[in-house]
Amino acid sequence: MRRLPARRLLAFVLLAVSAAALSAQELRLPLKDDSVRFAVIGDTGTGDSHQMSVSNQLNTYRAKFPFDFVLMMGDNLYSGDSPKDYEKAFERPYKALLDAGVKFYASLGNHDNPNERLYKAFNMNGERYYTFKAPNSSVRFFALDSNYVDDKQLAWLDKELAASGSDWKVCFFHHPLYSSGETHGSAELQRGLLEPVFLKYGVNVVLSGHEHFYERIKPQKGIQYFIVGSSAKVRTGDLRTSELTAKGWDQGYGFMLVEISGDELFFQEISDKGETIDAGSLRRAGKTEPNPGRSTQPVEQAPAAPKQPVAR
Amino acid sequence: MTRPILYGLIVATLTAAPALGAPVTQEPARPTPPATVPKTDTPVGDPRVNQSAAALQDFKTRVDRYIALRKTAAGSAPALKQTTNPAEIKAAQGGLAAAIRTARADAQPGDILTPDVQAIFRTVLAPELKGHDGAHAKEVLKDDAPPSVPLKVNAPYPEGKALPTVPTNLLINLPKLPMELEYRIVGKNLILRDTGAGLIVDFMLNAVR
Numbered sequence: 001m002r003r004l005p006a007r008r009l010l011a012f013v014l015l016a017v018s019a020a021a022l023s024a025q026e027l028r029l030p031l032k033d034d035s036v037r038f039a040v041i042g043d044t045g046t047g048d049s050h051q052m053s054v055s056n057q058l059n060t061y062r063a064k065f066p067f068d069f070v071l072m073m074g075d076n077l078y079s080g081d082s083p084k085d086y087e088k089a090f091e092r093p094y095k096a097l098l099d100a101g102v103k104f105y106a107s108l109g110n111h112d113n114p115n116e117r118l119y120k121a122f123n124m125n126g127e128r129y130y131t132f133k134a135p136n137s138s139v140r141f142f143a144l145d146s147n148y149v150d151d152k153q154l155a156w157l158d159k160e161l162a163a164s165g166s167d168w169k170v171c172f173f174h175h176p177l178y179s180s181g182e183t184h185g186s187a188e189l190q191r192g193l194l195e196p197v198f199l200k201y202g203v204n205v206v207l208s209g210h211e212h213f214y215e216r217i218k219p220q221k222g223i224q225y226f227i228v229g230s231s232a233k234v235r236t237g238d239l240r241t242s243e244l245t246a247k248g249w250d251q252g253y254g255f256m257l258v259e260i261s262g263d264e265l266f267f268q269e270i271s272d273k274g275e276t277i278d279a280g281s282l283r284r285a286g287k288t289e290p291n292p293g294r295s296t297q298p299v300e301q302a303p304a305a306p307k308q309p310v311a312r
Numbered sequence: 313m314t315r316p317i318l319y320g321l322i323v324a325t326l327t328a329a330p331a332l333g334a335p336v337t338q339e340p341a342r343p344t345p346p347a348t349v350p351k352t353d354t355p356v357g358d359p360r361v362n363q364s365a366a367a368l369q370d371f372k373t374r375v376d377r378y379i380a381l382r383k384t385a386a387g388s389a390p391a392l393k394q395t396t397n398p399a400e401i402k403a404a405q406g407g408l409a410a411a412i413r414t415a416r417a418d419a420q421p422g423d424i425l426t427p428d429v430q431a432i433f434r435t436v437l438a439p440e441l442k443g444h445d446g447a448h449a450k451e452v453l454k455d456d457a458p459p460s461v462p463l464k465v466n467a468p469y470p471e472g473k474a475l476p477t478v479p480t481n482l483l484i485n486l487p488k489l490p491m492e493l494e495y496r497i498v499g500k501n502l503i504l505r506d507t508g509a510g511l512i513v514d515f516m517l518n519a520v521r
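Taken in sequence, the protein lines are chains G and Y. Numbered by our numbering, the letters in the first sequence go through residues 1 to 312 in order. Numbered by our numbering, the letters in the second sequence go through residues 313 to 521 in order.
One or more of the hints may lead you astray.
Now the stretches of chain G that chain Y is said to cover, found in silico as 3 or more residues with beta-carbon under 8 Å [stated by the list, open to error]: (1) 73-87; (2) 107-115; (3) 118-132; (4) 149-160; (5) 188-194.
For the record, the hints were derived by calculation from the structure and aren't laboratory data. Model, not experiment: these values are computed from the prediction. Ideal Cβ positions, reconstructed from N, Cα and C, are used throughout, including at glycine.
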């Protein structure tokens with residue numbers, strides 16, 4: 001057999017590796033004009049190399065998909081809340097994004113000191129639950145404290161959702177109302193209180209963490225649920241694919257990118273290696289009459305199959 | 313979710329009384345004066361009902377007194393306010409905790425969660441720990457529980473330990489608290505925690521069984 005010269009072989013290998021890397025970092029979002037673009041991370045606060053590898057990918061992808069803000073699903077600081085903890089688990093990993101003016105909107109997990117609400121870089125307005133609207137859009141976000149769902153918070157949510165004229169209503173908080181996780185599973189008690197409010201006021205999308213994996217739930221009563229809880233921790237093998245699961249992945253770390261344009265929402269879950277784990281789109285199906293079994297502003301799912309599916 | 317019989321009583325009691333979070337006037341020194349029993353839908357003649365209403369009213373009075381004391385203590389500590397500097401949050405939390413600890417140096421377990429109110433809490437919580445929701449509530453408590461939290465009045469809730477999620481069916485059956493306080497259940501024990509100061513204000517053992 002003819003031997004390839006060493007230089008040629010090296011060039012070939014480098015080319016193959018580069019091509020694979022480029023393919024792995026393929027953006028599946030449409031980058032439409034005037035769209036709302038954001039990233040989702042969850043259970044991030046370790047300050048370890050896994051959090052750093054996810055943050056590196058966030059930086060890489062932002063060059064292609066210039067998102068304006070990041071939603072945090074809670075457990076933002078695992079080890080404590082000393083200044084060193086903030087530095088190690090937030091300021092350092094996301095320095096490039098913070099320096100670029102990307103805003104972070106946090107929710108509280110069960111490992112978070114509620115006083116994190118006072119940290120300005122978390123943009124919580126000093127509150128455990130709050131709402132904000134993406135500029136120049138009809139997309140409103142509601143950050144909830146799922147650790148402590150009391151009457152006061154429910155009354156606030158009812159009032160804020162009722163007053164919101166936004167087409168897209170996105171709620172985010174730590175505990176997933178639907179989950180196929182072995183360790184935690186669905187937060188049924190919170191669901192009993194929150195879901196009726198979501199349905200009544202036409203919440204379209206709910207984002208959570210807590211489970212250390214990625215799961216896209218099949219739309220429940222017209223609402224799309226995502227779990228993005230593996231941005232620094234992963235619980236390998238914990239996802240018990242169930243009838244709820246549209247797509248799931250518990251084999252590595254990741255984050256999600258989201259783009260909303262008109263009645264369409266596009267999503268892409270990406271691993272810390274830059275691989276696409278899941279991608280697809282949702283469409284608002286228009287308003288419906290109030291119905292306890294279905295959101296008044298339901299979504300329909302039309303996911304595009306990833307070219308190289310890695311999800312189980 | 314089921315509603316325990318006493319829930320109506322609690323709601324009636326706390327609705328009739330001013331909200332716990334409302335501005336308070338300085339209460340006279342202990343012992344607490346006899347509470348006025350508000351109107352409820354339950355028979356007024358039942359002495360147990362009147363006793364429970366009085367205990368809940370007394371709980372409210374004690375919470376109000378704590379909030380008033382806290383407000384005074386906060387005056388000598390750095391303000392808990394929004395900041396870009398985490399060190400300021402930490403310093404404000406620590407300063408407030410120290411001021412409260414000084415102001416309540418003689419505080420004892422049961423000062424706020426009195427034996428009477430503890431008995432009511434146990435009665436209110438017990439039915440919520442049965443059936444499907446009850447099993448789920450127990451799972452949540454077990455799931456989120458930190459290995460151990462030393463139960464001591466005026467002690468800080470340990471830094472870096474998870475704050476266990478309070479099962480919603482338990483939470484909505486307990487009397488409302490002002491925003492400065494919260495309930496947390498660690499293992500079987502209920503903690504009354506100052507949210508800003510991160511202090512254990514009071515606790516009761518075996519709140520859930």
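Hint check results:
no., hint, result
1, 73-87, "holds (count 9)"
2, 107-115, "holds (count 6)"
3, 118-132, "holds (count 6)"
4, 149-160, "holds (count 4)"
5, 188-194, "holds (count 5)"
Taken one by one, the earlier hints all hold for this structure without exception.
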